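Trainee: Residue-level listing of the chains:
2 protein chains.
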Amino acid sequence: METGNHTGRGLWYNGGMRVQGISYRSLWTEPPGVVCGIDQTRLPHEFTCFRWQSVADAIAGITQMQVRGAPLIGVAGAFGLALRLAEDASDVALSEAHGALLATRPTAVNLRWALDRVRDRVATLPAARRATAAWQTAVQLADADVATNAAIGRHGLALLQALAVGRAGQPVRVLTHCNAGWLATVDWGTALAPIFMGHDAGLPLHVWVDETRPRMQGLLTAWELAAHGVPHTLIADNAGGHLMQQGEVDLVLVGADRVAANGDVCNKIGTYLKALAAHDNRVPFYAAVPASTFDFSLADGGAIEIEQRPGDELAAIRGRDTAGKPASVRLVDTVTPVANPAFDVTPARLVTGLITQRGVFTPEHLASARAVLQEAA
Amino acid sequence: METGNHTGRGLWYNGGMRVQGISYRSLWTEPPGVVCGIDQTRLPHEFTCFRWQSVADAIAGITQMQVRGAPLIGVAGAFGLALRLAEDASDVALSEAHGALLATRPTAVNLRWALDRVRDRVATLPAARRATAAWQTAVQLADADVATNAAIGRHGLALLQALAVGRAGQPVRVLTHCNAGWLATVDWGTALAPIFMGHDAGLPLHVWVDETRPRMQGLLTAWELAAHGVPHTLIADNAGGHLMQQGEVDLVLVGADRVAANGDVCNKIGTYLKALAAHDNRVPFYAAVPASTFDFSLADGGAIEIEQRPGDELAAIRGRDTAGKPASVRLVDTVTPVANPAFDVTPARLVTGLITQRGVFTPEHLASARAVLQEAA
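Chains H and X, in that order, are what the protein sequence lines are.
Just so you know, we're using the numbering used here here: the first sequence kicks off at 20 and counts up by one.
Just so you know, we're using the numbering used here here: the second sequence kicks off at 20 and counts up by one.
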């Protein structure tokens, strides 16, 4: 897995987000058949890009969270399967790579959805045509993700505009958890798409950014918001409840990794605590999700497998040393037992609504929206 | 403020807790009139002790959190006032030092309580006798804290024993937030006192330790529990709600910095979120507090001043570098806006009970317990 500073622009790249003056998507392709992206394990302390040239690179990269965020994991998985078929287009290789990629991150349903899309597209093709078709499908999934998120952004923007009414220019104050920005997708983001669009439309906004231990994805959110010029404040995950009690939050807006048929929302660990506080303080709680995040095969969130990640994600932390160089420190010795569940499930009763590319739905109306959402997915 | 490795035993030291084979209290005195203690800004990465020889040392040490925890802050403040009176025993010096020490940490009521105790004791004495009387009062407050916490431990132990009934040897699983152990007091701790006593009595226990961002006092709790041999697991603050949903928590047990007359509990930021999750999952939520933590002058917690601490407490973090040496890394650049409220208020409706040295009281019964609690304080 080659990693280096990114010097060239992607081939099919049309990213709306700028880094150091250059527009980027979070993932792009370069000839000949290389998958490139921003290495999110290094951000915000270093900006480097990865180059995946094999399915092994993709599996390692997804597992280590070089890419992360449910929508982006799905697209990255699709490219991983395409990389495998370029090596070996047999049925056995297809099936094994599908299974290996699916096992990298068990919680987000988008990964299975995207892998199934590629598999279903190529399964009936002769082996000689599979690699190209898989690659094309992955590219289409990536482009579709951008369009989906733009639509989520427009629906969410209407919500923000409604909250702004009567505020006399005072900012709408949004609390978000984890990173559901453009880095978590191919472009735009889910929860942050309405915020980027609202800011561009001149809507006064302020974002409370949960740092999101243990992986500190809040630093990615702060990095995105700073780059786009959106006012924001970083807070400890512990602080959000207090801010809601003080009337400092108008809306909680997060992404999700899987949404069950009843509207239970599985998202980054700690989301449930914020949803409880929102409910207790009558703050609306929304999740912004593409249709591919719905898992209508699950009646509720109870059966979702919660990924248990390595304890070292808590025990050590990455930052910059006194000389400004990227460095890690250990917070606890290696004998301290650590548990690290990566997601939790917010019960539908705490969810005000789900912002999708097809509109905003309350959990109660998901059943009737199922057809339109499955069609969109 | 001299800091160095501790080599001698304290004068009036009778600590039950051992560090590297030596029994310690968190604070002790050494002749001539020096206040010594374990520097909690360095733990668990370094074990060093401070030596306060002036009120300026005490003010700086409390502000920087060399000592922390409401009960210990109170005793440390009392010694700070005694140090000042040894320099200047005038009414003006007494009044100014009382004010300056009180301003170091605005949220915990124990500090005002202890400072008032010393001031009231010496106010009517001639200047020549004030320093000695103040020192004696501070020593008495320290000794009383140890006895108080032992009593809290016994009352809490009865609660743990009740929870253990019918568990057939399976551990009672306690979740705690921040550090309310012996480091937060002179000895024993408040929330951890029942746990130490339960472990010593052969009760199977397991403690989920919230790491408690931003100051990571959970590392102090893990350090105390490891030293005492109590099974425990460190978790991100985000994880507790999920663990309660999964039925993995039997009791939430925390300390507190101030409890209002109605039972509203002000404690380390993030406590409110755990209380919400406990309530949502029918897990009992208790705060263990000495009587001096009650502030009956406040009808409820709404008027408690919430300390806003420096953003750098989030923006930088201390650990050990790859060579095992204590080191800090910055997590965010200096231009990222950071907010750092240090406490929150858990409404009484979420509080199952308050464990004091005089027994366990529900919020509803605090009014009738007021006399016995004020007498004990």
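Careful: at least some of the hints might be erroneous.
Note: identical chains are not told apart, hence a pair may lie in one copy or across any two.
Only pairs whose alpha carbons sit at most 25 Å apart, straight line, appear in this in silico SDA-like list of lysine to any residue [unchecked claim]:
(1) 344 / 60
(2) 344 / 38
(3) 344 / 356
(4) 344 / 37
(5) 344 / 221
(6) 344 / 41
(7) 344 / 391
(8) 344 / 315
(9) 344 / 267
(10) 344 / 331
(11) 344 / 67
(12) 344 / 40
No wet-lab data here; the hints were simulated from the structure.
Just so you know, these numbers come straight off a predicted model, no measurement behind them.
Trainee: Starting from the hint list further up, note which numbers the structure goes against and sort them upward.
Mentor: Numbers 5, 7, 8, 9 - these are the hints that the structure violates, sorted from lowest upward.
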